[in-house]
Amino acid sequence: MSYTNEHFLFCVLDHTVSGKTDWKAVGDVFGIKVGAASMRFWRLKTKFGDYASAAAASPAKASGQQTPRKEIKSPSTKFTPSKKRKTQDDVDDEEMAASHSRVKEVKAEAAAKEESEDDGWA
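Numbered according to UniProt numbering, the sequence shown terminates at residue 122, and the numbering increases by one at each position without gaps.
None of these hints come from the bench; they were simulated from the model. Watch out, some of these pointers could steer you wrong.
Unchecked claim - Derived EDC-like pairs: lysine to aspartate or glutamate, alpha-carbon spacing no greater than 16 Å straight-line:
id : residue 1 : residue 2
1  : K45       : D92
2  : K24       : D14
3  : K47       : E6
4  : K33       : D22
Quick caveat, the model's predicted, so the values are computed rather than measured.
Generate coordinates for the entire structure from the input sequences, incorporating the hints supplied.
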C-alpha cells in the first residue's frame with residue numbers, strides 16, 4: 001500500500017508526546033528505519049516550509065517591513081583571471097607520458113642490445 005505525505009504526518013502526530021516524536025514507532029508503521037522516518041519528516045518540513053522557525057528568525061518579514069537593498073556597483077577595473085593551476089589529473093597525465101617515453105627508451109635499448117648480440121652469433 002502506498003502511503004501519502006498526509007498519512008505520514010498523521011502518524012507522526014499520533015506518535016508525538018510533549019513535543020518528542022517516537023521515530024521508532026513511526027518507522028515500524030511504515031516499515032522503515034528510525035533515521036529514514038526522521039529524514040522523511042525533515043524533507044517534508046523543508047518542502048512545505050518550516051513556518052515556525054522562519055517567522056522567529058525574521059521578525060522584519062513577519063511585520064511586513066522590507067530590508068533595504070544595497071546598490072550594486074559596476075567594477076572600476078577589468079577582471080583579469082589568474083593563471084590556471086595544474087590539477088592532480090594534469091600532473092598524473094604528465095607523469096604517465098614521461099613514464100611511457102622512458103619505457104619506449106628502455107625497449108629500444110633492449111632491442112638494440114639484442115640486435116648487437118644476434119649479429120655476433122650469426
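Tested hints:
no., hint, verdict
1, K45 - D92, "45 Å, violated"
2, K24 - D14, "13 Å, holds"
3, K47 - E6, "13 Å, holds"
4, K33 - D22, "12 Å, holds"
Violated hint: 1 only; the structure is consistent with all others.
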